[in-house]
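Asks: Listed below, chain by chain, are the residues.
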Amino acid sequence: MAVLQMVLLLCAGSSLAEDIFPPTVNIIAELEKLKNMDERIQKLEETLAKVLSENEAKKVAFSAGLLESGTGHTGPINTPKILVYKKVFSNIGGAYDANTGVFTAPVKGVYYFRFYGHSHGGTTMAVSLLKNGETQCSAFAWKPTSNGNASNGVVLTLETGDQISTRLWANTWVYDDPESYTSFGGFLIFPL
Amino acid sequence: MAVLQMVLLLCAGSSLAEDIFPPTVNIIAELEKLKNMDERIQKLEETLAKVLSENEAKKVAFSAGLLESGTGHTGPINTPKILVYKKVFSNIGGAYDANTGVFTAPVKGVYYFRFYGHSHGGTTMAVSLLKNGETQCSAFAWKPTSNGNASNGVVLTLETGDQISTRLWANTWVYDDPESYTSFGGFLIFPL
Amino acid sequence: MAVLQMVLLLCAGSSLAEDIFPPTVNIIAELEKLKNMDERIQKLEETLAKVLSENEAKKVAFSAGLLESGTGHTGPINTPKILVYKKVFSNIGGAYDANTGVFTAPVKGVYYFRFYGHSHGGTTMAVSLLKNGETQCSAFAWKPTSNGNASNGVVLTLETGDQISTRLWANTWVYDDPESYTSFGGFLIFPL
Numbered sequence: 602m603a604v605l606q607m608v609l610l611l612c613a614g615s616s617l618a619e620d621i622f623p624p625t626v627n628i629i630a631e632l633e634k635l636k637n638m639d640e641r642i643q644k645l646e647e648t649l650a651k652v653l654s655e656n657e658a659k660k661v662a663f664s665a666g667l668l669e670s671g672t673g674h675t676g677p678i679n680t681p682k683i684l685v686y687k688k689v690f691s692n693i694g695g696a697y698d699a700n701t702g703v704f705t706a707p708v709k710g711v712y713y714f715r716f717y718g719h720s721h722g723g724t725t726m727a728v729s730l731l732k733n734g735e736t737q738c739s740a741f742a743w744k745p746t747s748n749g750n751a752s753n754g755v756v757l758t759l760e761t762g763d764q765i766s767t768r769l770w771a772n773t774w775v776y777d778d779p780e781s782y783t784s785f786g787g788f789l790i791f792p793l
Numbered sequence: 602m603a604v605l606q607m608v609l610l611l612c613a614g615s616s617l618a619e620d621i622f623p624p625t626v627n628i629i630a631e632l633e634k635l636k637n638m639d640e641r642i643q644k645l646e647e648t649l650a651k652v653l654s655e656n657e658a659k660k661v662a663f664s665a666g667l668l669e670s671g672t673g674h675t676g677p678i679n680t681p682k683i684l685v686y687k688k689v690f691s692n693i694g695g696a697y698d699a700n701t702g703v704f705t706a707p708v709k710g711v712y713y714f715r716f717y718g719h720s721h722g723g724t725t726m727a728v729s730l731l732k733n734g735e736t737q738c739s740a741f742a743w744k745p746t747s748n749g750n751a752s753n754g755v756v757l758t759l760e761t762g763d764q765i766s767t768r769l770w771a772n773t774w775v776y777d778d779p780e781s782y783t784s785f786g787g788f789l790i791f792p793l
Numbered sequence: 602m603a604v605l606q607m608v609l610l611l612c613a614g615s616s617l618a619e620d621i622f623p624p625t626v627n628i629i630a631e632l633e634k635l636k637n638m639d640e641r642i643q644k645l646e647e648t649l650a651k652v653l654s655e656n657e658a659k660k661v662a663f664s665a666g667l668l669e670s671g672t673g674h675t676g677p678i679n680t681p682k683i684l685v686y687k688k689v690f691s692n693i694g695g696a697y698d699a700n701t702g703v704f705t706a707p708v709k710g711v712y713y714f715r716f717y718g719h720s721h722g723g724t725t726m727a728v729s730l731l732k733n734g735e736t737q738c739s740a741f742a743w744k745p746t747s748n749g750n751a752s753n754g755v756v757l758t759l760e761t762g763d764q765i766s767t768r769l770w771a772n773t774w775v776y777d778d779p780e781s782y783t784s785f786g787g788f789l790i791f792p793l
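Chains as they are written, first to last, in my numbering: chain A, 602 to 793; chain B, 602 to 793; chain C, 602 to 793.
Hints are computed from structural coordinates only; laboratory data are not their basis. Just so we're clear, the structure is a prediction, and the values are computed from it rather than from any experiment. Just so you know, not all the hints are guaranteed correct.
No distinction is drawn between identical chains; accordingly, a pair holds when it is met within one copy or between any pair of copies.
[What the hints assert, rightly or not] Distance condition first, Cα-Cα at most 30 angstroms in a straight line; then the derived DSS-like pairs of lysine-lysine:
id, residue 1, residue 2
1, K732, K651
2, K732, K744
3, K688, K636
4, K682, K709
5, K687, K744
6, K659, K644
All chains, full assembly: derive it from the sequences and hints.
Replies: What follows is the structure, encoded as structure tokens:
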């Protein structure tokens with residue numbers, strides 16, 4: 602009876618001993634399976650959390666026009682100058698700083714950037730896209746008779762903290778007005 | 602015996618009582634774990650279904666050239682006119698309407714759009730990209746001596762149903778032929 | 602006693618028979634649930650593995666400037682010529698071949714490509730983007746008085762192995778120098 606007191610009664614829904622014998626269950630193996638499943642679920646939870654967090658981290662994109670309002674030329678200046686785009690169309694993730702014109706990579710990954718420069722006839726326009734201060738690609742229009750229109754874009758692998766900006770060359774001009782011809786933008790294509 | 606009839610015989614593979622005693626199993630705790638695992642699996646299934654559905658919803662992209670065939674100028678017109686790009690290169694998700702030139706956001710998210718305008722010498726070209734009828738950014742070439750080539754692009758956060766199109770300004774021209782110089786396109790970068 | 606020897610003692614932590622009776626457990630149903638959970642976990646593992654593998658497969662992007670070093674015109678040539686961009690900014694997935702100028706789609710999917718051509722005054726610039734040798738879109742500047750600046754871009758659905766390149770037209774020029782004005786790039790937007 603002492604033993605029976607320790608037995609948990611598992612009712613298989615039958616009251617006949619003959620019916621109870623057939624389903625011999627290896628409970629040790631079942632419990633082992635249970636433990637194994639628990640580990641598999643934990644692995645799934647961790648991996649899925651990583652996917653979700655990566656999906657959230659992917660949400661980096663911005664776009665801005667040069668002038669927030671008004672009309673006019675920027676430049677010419679004696680020394681090259683970072684262009685500060687003030688009319689922010691979007692800035693998801695907040696990686697673009699509209700006070701400095703600099704985009705700072707929030708995560709390691711592969712990014713796409715593009716910029717457009719527009720100028721008036723007779724003035725030279727030259728803008729380069731910089732990574733940590735070094736020219737990657739450029740747009741150039743030497744004293745066009747009518748408007749200068751040039752742009753460029755690039756796919757770059759960035760480390761967290763890498764900085765992207767665009768720089769107006771010395772003695773050159775860009776023009777903008779409320780129609781927004783001169784712009785800068787980019788987004789994370791995928792994290793690494 | 603009445604009690605024994607209710608006992609489910611769980612064979613642990615041993616016929617010696619001494620061997621059976623050691624693995625004392627708290628079946629209530631195990632069943633609790635089972636229930637907990639069931640809930641965790643359900644949570645995983647729901648989250649993963651959401652990831653899959655978001656991945657499917659992400660599949661929005663299109664691109665089109667102005668003329669499906671033939672050669673010629675579009676414009677000038679007295680009033681601004683939505684450009685209807687007829688040569689559809691791709692339209693995954695079907696959000697671009699080649700009858701109207703309008704892209705309608707199928708999901709809330711962040712999108713990238715870009716357009717290219719090309720014109721012949723002597724004619725002014727001016728095209729703006731519109732969100733729900735309002736100018737976001739523009740491309741402009743005032744009577745270039747040779748071809749006008751200008752473009753722009755923008756990253757925009759759109760609500761479901763927001764409409765994007767490009768509009769030719771009054772009294773301006775764009776040109777296209779089978780080489781496809783004048784084009785419009787965009788895609789969803791990520792849903793929100 | 603023979604029967605008792607086959608009983609696995611499941612200690613519910615109680616030594617009173619009255620306490621043991623209440624939690625009647627349908628072990629057959631519980632084991633069925635266990636088997637069902639095992640199947641659900643397997644399904645989750647497979648689906649998640651597919652998501653992860655798709656996320657990895659998505660990592661396709663490249664960008665390159667025309668000249669690796671030096672300064673100069675490419676062209677004019679008598680027959681159209683694939684432009685081979687030598688200054689590789691990025692090439693994740695290795696789909697762009699800097700020896701041939703050709704990008705080969707590693708997976709079926711929707712891709713974005715864009716190219717920029719820059720030329721000097723007086724020379725005609727004309728570049729087309731090709732899919733498996735056929736023109737998709739083009740950029741053209743006929744003897745601009747100052748620089749030629751033209752670009753284009755396109756969203757294309759590609760099968761695995763489809764090839765994308767850009768081709769300089771016969772009797773036309775592009776120019777590049779270390780500032781990188783003439784460039785080509787693209788990336789997978791999503792696999793299909």
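Asks: Of the hints given before, which are not true for this structure?
Replies: 3
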